[in-house]
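**Student:** Read off the chains here:
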Amino acid sequence: MIHVNEVPRQFKPGLKISDLAGEIKPDADLFIVNGHPVSPSLVLEDGDSCWLIRKGEKPSAEELERLLYARHTPGVHEKVKNASVGIMGLGGLGSLVAVALARVGVGHLLLADFDLVEPSNLNRQQYFIDQIGEKKIDALKDNLARINPYLLIETIDGILTEESIPLLFNEVDVLAECFDGAEMKAAAMRCALGPLAGKGFVGASGLAGYEDCNMIRTMKIRERVYLVGDNETAARPGRGLMAPRVGVAAHHQANQILRLLLGVP
Amino acid sequence: MKIVCNGKEKEVRDGLTIEELIVDLELNPDTVVAECNGAIVLRPDYPDRQLSEGSVLELIRFVGGG
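One line per chain: the protein sequences are A and B, in this order. Numbering (this note's numbering) for the first sequence: 1 to 265. Numbering (this note's numbering) for the second sequence: 266 to 331.
No lab work stands behind these hints, which were simulated from the structure alone. What you are looking at is a predicted structure, and each value in this text was computed from that prediction instead of being measured. Among the clues, some could well be false.
[Stated by the list, open to error] Computed footprint of chain B on chain A, listed as stretches where at least three residues anywhere in the stretch have a Cβ under 8 Å from a Cβ of chain B:
| no. | region |
| --- | --- |
| 1 | 87–93 |
| 2 | 149–155 |
[Said to hold, decoys possible] Derived contacts from chain A toward chain B, CB cut-off under 10 Å, selection only:
| no. | residue |
| --- | --- |
| 3 | 182 |
| 4 | 183 |
| 5 | 193 |
| 6 | 203 |
| 7 | 227 |
| 8 | 231 |
Think of the CB as a built atom: it goes at the ideal place given N, C-alpha and C, for glycine as much as any other residue.
Please put together the full structure from these sequences, using the hints given.
**Tutor:** Below, the structure is given as structure tokens:
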């Protein structure tokens, strides 16, 4: 048995990878066997895992799904594919949480921000220099589509409030608080402990500067409610927000969101 | 009177409000979530909400950056 683009296929002795391409994907111009590029004349062995690729071609939804399915622990892909996550604020935290969840294959993301991409964002946020001046919701949606075009990405353009959060995010499975300002972080936590009680919630506080990354932890506040950070290091003049620690905190958030979606107690 | 704040017993003056307690702790009330006896207290209620003997208070402080 061999696998071709993650699909099992009977092994035939003496078969070359180019013969396989002739049968399945004649326009393939890149041949990968067991993770390494190989010449078209390579003779396959039983158990080989092959990828036939046309450079620059986008895999179909089915192919990409097979790839994610093969990469994930069994049972993970179905759960995340059917899950929905809301992300409030698309700065350093939110843009990275969104990218991590898109790569994992979370099927539905609801992204909210009011802001535009500015040059000062590029030191830590998942935008590119040619996106300066675009709305963050649009720029991030484009970037996520370049990672996985088969996800459902919805956006909310505007300023969120303590009153609007429970209404706008009532339907998501888990909500990520990725605001910049401490006042809105507190307001979002009040929503999580009040009107949204029972919903998964992962906030963040304390991630500026370049202190030890190991100070950043995931803390359980309540059943299904978590807070990530060191609780101390506020962003202020002389202690800015920088890619490494913001990235550590964002990925703590993304991992805790994944754990909530998978039902890890 | 005695209250319990974040799991620790604390002696405070009678009639202290949540707003006053947070300010005494040198924190900005706008950046602190308060839960009193298991129920979330809304921000506009901090100045009027008086603590009483045995009140169990949980405060969560937030700092900016994201």
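**Student:** Each hint needs a verdict: does it hold in this structure or not?
**Tutor:** Consistency of the hints with the structure:
no., hint, verdict
1, 87–93, "holds (count 4)"
2, 149–155, "violated (count 0)"
3, 182, "holds, 4 Å"
4, 183, "holds, 5 Å"
5, 193, "holds, 5 Å"
6, 203, "holds, 8 Å"
7, 227, "holds, 7 Å"
8, 231, "holds, 7 Å"
Hint compliance for this structure: hint 2 is the single one not met.
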